[in-house]
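*Asks:* Assemble chain H onto chain G, guided by the hints.
Those protein sequence lines, which keep their order, are chains G and H.
Residues in the first sequence are numbered consecutively from 1, following my numbering.
Residues in the second sequence are numbered consecutively from 1, following my numbering.
One or more hints might be untrue.
Pairs involving identical chains hold if they fit within one copy or between any two copies, as the list cannot separate such chains.
[Unchecked claim] Distance condition first, Cα-Cα at most 35 angstroms in a straight line; then the derived DSBU-like pairs of lysine-lysine:
1) 97 to 5
2) 68 to 97
3) 68 to 5
Just so you know, these hints were derived from the structure itself, not from any lab.
The model shown is predicted, which means the values in this text are computed figures rather than measured ones.
This is what each chain is made of:
Number of protein chains: 2
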Amino acid sequence: MQADKLVGHYAVIFVSQRRDGDHGYGETAARMVELAAQQDGYLGIASSRDGNGFGITVSYWRDLEAIKQWREQVEHQAARERGRRDWYQSMQLQIAKIERAYDFTAQ
Amino acid sequence: MQADKLVGHYAVIFVSQRRDGDHGYGETAARMVELAAQQDGYLGIASSRDGNGFGITVSYWRDLEAIKQWREQVEHQAARERGRRDWYQSMQLQIAKIERAYDFTAQ
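With the rest of the complex left out, here is chain G:
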């Protein structure tokens, strides 16, 4: 998405350390990306996880109401429950309003 379309909207920053083993994580993670994209007010997502299982996912949303609706989505609630129980050693989440945005692509 273009930088100027993000200003005034929201980023949800999810920082997490995975535990060892998959335990159904890969399948559910892919399903959550698919489901999020179907939510009203979804603007985009970026995700990276390194070889030590440390990952950051940033999802972008129109407003706090869209974030609330995604938080209340039933399948997503079940996935978060499994995340706390089976997949993550630790998690940090921040909800932040985007004030400035830039992008650059090499020619």
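*Replies:* Just chain H now, with coordinates in the frame of chain G:
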């Protein structure tokens, strides 16, 4: 850092796709993490890059003035110039004010 200490402060979200090859990147990246931590108003950093060279770094700052000072730090300016020229295929950057923050650590 604790979640409640982030609310009201800023996240700088840096999303990037690396080019192939190191070209001095690793050394400079480590140096930037070290330098950032010495800046006034620095609150913390989290960084992940996957096996395809796609990475997200989130740094946390007290206020926009602290972000501006880091942006103007001379060695950091030189690194950004090299980043555009040698290291990154594409970059997106957002500056966002944290409204809510949560954390979880498994027992």
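*Asks:* Please go over all the hints and tell whether each is borne out by the structure.
*Replies:* Here is what the structure says about each hint:
no.: 1; hint: 97 to 5; in the structure: both (13 angstroms within a copy, 17 angstroms between copies)
no.: 2; hint: 68 to 97; in the structure: both (14 angstroms within a copy, 18 angstroms between copies)
no.: 3; hint: 68 to 5; in the structure: both (21 angstroms within a copy, 22 angstroms between copies)
When the structure is compared with the earlier hints, no violation turns up for any of them.
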